[in-house]
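Enquirer: Chains as they are written, first to last, in the numbering used here: chain A, 1 to 137; chain B, 1001 to 1389.
No lab work stands behind these hints, which were simulated from the structure alone. The C-beta atom is built at its ideal place from N, Cα and C for all residues, glycine as well. Certain hints may be false.
Said to hold, decoys possible - Between beta-carbon pairs, the in silico distance windows are:
(1) A:D109 with B:A1207: 23 to 29 Å
(2) B:I1118 with A:C49: 22 to 28 Å
(3) A:G25 with B:L1123: 35 to 41 Å
(4) A:E60 with B:T1020: 54 to 60 Å
(5) B:K1015 with A:D36: 49 to 55 Å
(6) B:A1163 with A:E48: 37 to 43 Å
(7) A:P93 with B:D1077: 50 to 56 Å
(8) B:K1065 with A:C49: 44 to 50 Å
(9) B:D1253 with A:V121: 28 to 34 Å
(10) A:D106 with B:M1251: 27 to 33 Å
(11) A:V121 with B:T1162: 33 to 39 Å
(12) B:A1058 with A:Q80: 25 to 31 Å
(13) B:E1277 with A:C49: 38 to 44 Å
(14) B:F1244 with A:N104: 33 to 39 Å
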Amino acid sequence: MSEYKKPLPVIQPYSQAFWDATKDGKFLIQHCNSCDSNIFYPRRDCPECWSNDLDWIEAEGKGKVFSFSITHEGVEPMFQEDLPIVLAWVDLPEGPRVNTNIINCDPEDVEIGMEVEVVYVKATDDVTIPYFQPVGV
Amino acid sequence: MGIAIVGISEVPTKKDPSRTRWDILLDVCKGAVRDAGIDKDDVHAVISPNPMAQPDMANDMALGKVPEVLGLKGCRDIAVTNAGGASNTNCLRISESLIESGQAKFILIPHTTVQSDIPVADLINFFATAPLDKQWEYPYGVTFNGSMGLITNRYMYETGATAEEMAAVTASLREWGSLDPNSIFYGKKCSVEDVLNSRMISSPLRAKECNLLADGGGALVVTSHEIAKEFNKAVYKLGHGTRFMSATPFMRDDLFHRKAYKESSQDALKAAGLSIEDMDIRQIYGAYPYTQCSALEGYGAIKEGHGAAAWAEGRCGPGGDLPCTTMGDATGRGHTGSGVSMAFYIETVRQLRGEAGERQVKNAEHALLTTSGGSVMNTCTTVFGRSSR
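Here chain A stands alone, though its shape is the one from the complex (with noise of 0.2 Å):
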């Protein structure tokens, strides 16, 4: 495996366990005992009721492109070779949204609205990222 140019994300102690289920091939939320909120991007603390009783629940996955942006320039150049990239905002069926990139398909193809499916690259041995794909692909 070459050796991975691009930004990793800065992982924080509260969210090492979402980092760690992504080797796994799970996308992890957090929730809240107390308040029952569903709550992405993780945290110490509910955001809602500030209790720091907080579990994890794997999503499902799925979800639905809200917005979209193809980057056809502008980047550093650890990104040039990736372009065009498609940014996107994904709304998940437990609620939250989420920062993405669509991967495997055609960017022209990309609509909102367009049903999509989270799918998982290993960055490096100890990151794995995931992306979303059109559903089916």
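Given chain A's structure and the hints, the job is docking chain B onto it.
Expert: What follows is chain B alone, placed relative to chain A:
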């Protein structure tokens, strides 16, 4: 109670690394103090916006070099604020508190930015990493343009605004900029076709709809309403309101900031005892065209979803019945880091003084000005007037 701006100075926005940060800073400080007609030693405080992406200058400003180098012998206090594009707004608010509590009579607010000596990759890195989340955005190749492209795409989807209408926003902003000797685009108009023919950067945003990073600077001298009455060219701050949304765009419910524009403008107008119909000019610092549309919708000046059409009909550009953003915003002026909002305040003073040259809105008495910081984390809306209520 309240503050007024009694001195302004600005250098032209351009790319010229031979013009150093300190050259710009010294010129605008001297210019604003002389424009006010006060003695340099009457300056009681220097409150500066943080010069973004320029760590050496940031340290100089934060740690007191400005009053020392300028020999401001009456200076009692200094502070630097950092709220990205809204930094200047915070400078005005700190100044207001120092002036209203009697700790200062005259305050100097200087800004300087030189980006032309910073490598392009470093600038992209700065503008990608400063406001963006290092865990949830940056690893995915999000840039500032990409982030704003995501919002713009959804804005067009929800409102039905066409690419031509959105391009008309930039064409109008460039028309304002073409009339401004301090714009990098002075004398350089750009048609709707020019915008639509420019390279796609982060869809739907094309090159001419994205910001050209440049160098510039400006300064303000502010004082109390009472003292300002002795000055011929004072412009009065009459009311203010701010709403915070979120640091990260994908966490934002109020994605086009309409509610934030609405509530912050209502607070500001209420304090001023005025209505949106009383405003002769609407100055919108959003740095990307969709903000020029959604702000009008939020203010209640245009029906929701029809902001882009208003620009396309020419209502917001020179000669229109709803003049907006008369210095062209960052896309019509050149982006000077934390300095775009400085240019907005200076332009508002010029308009209300009747000194805006070819951009002058006839008989402008009141103006509404909104700044925003970060990835549009907030809307900071101020009402200014030619007289103190």
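Enquirer: Now, for every hint given, state plainly whether the structure supports it.
Expert: Hint by hint, here is what the structure shows:
Checking the proposed 23 to 29 Å range against D109 (chain A) and A1207 (chain B) shows it holds: the Cβ atoms sit about 24 Å from each other. A hinted range of 22 to 28 Å is violated for the C-beta pair I1118 (chain B) and C49 (chain A), which are about 44 Å apart. With their beta carbons about 38 Å apart, G25 (chain A) and L1123 (chain B) fall inside the hinted range of 35 to 41 Å. One distance hint, 54 to 60 Å for the beta-carbon pair E60 (chain A) and T1020 (chain B), holds here, with the actual separation near 56 Å.
Between K1015 (chain B) and D36 (chain A) the beta carbons are some 54 Å apart, a value that agrees with the proposed interval 49 to 55 Å. Under the hint 37 to 43 Å, the C-beta atoms of A1163 (chain B) and E48 (chain A), about 39 Å apart, fit the expected range. Judged by the Cβ atoms, the range 50 to 56 Å given for P93 (chain A) and D1077 (chain B) holds: they are separated by roughly 54 Å. About 46 Å separates the C-beta atoms of K1065 (chain B) and C49 (chain A), a value consistent with the hinted range of 44 to 50 Å.
Restraint check, D1253 (chain B) to V121 (chain A): a C-beta distance of roughly 30 Å satisfies the suggested window 28 to 34 Å. For D106 (chain A) paired with M1251 (chain B), a C-beta distance near 29 Å keeps the hint of 27 to 33 Å intact. Our hint of 33 to 39 Å for V121 (chain A) and T1162 (chain B) holds, since their Cβ atoms are close to 36 Å apart. Distance hint check: the CB atoms of A1058 (chain B) and Q80 (chain A) are about 29 Å apart, consistent with the given range 25 to 31 Å.
Between E1277 (chain B) and C49 (chain A) the beta carbon distance is about 42 Å. The supplied range of 38 to 44 Å therefore holds. The beta-carbon spacing between F1244 (chain B) and N104 (chain A), approximately 38 Å, falls within the hinted interval of 33 to 39 Å.
Of the numbered hints given earlier, the model fails hint 2 alone.
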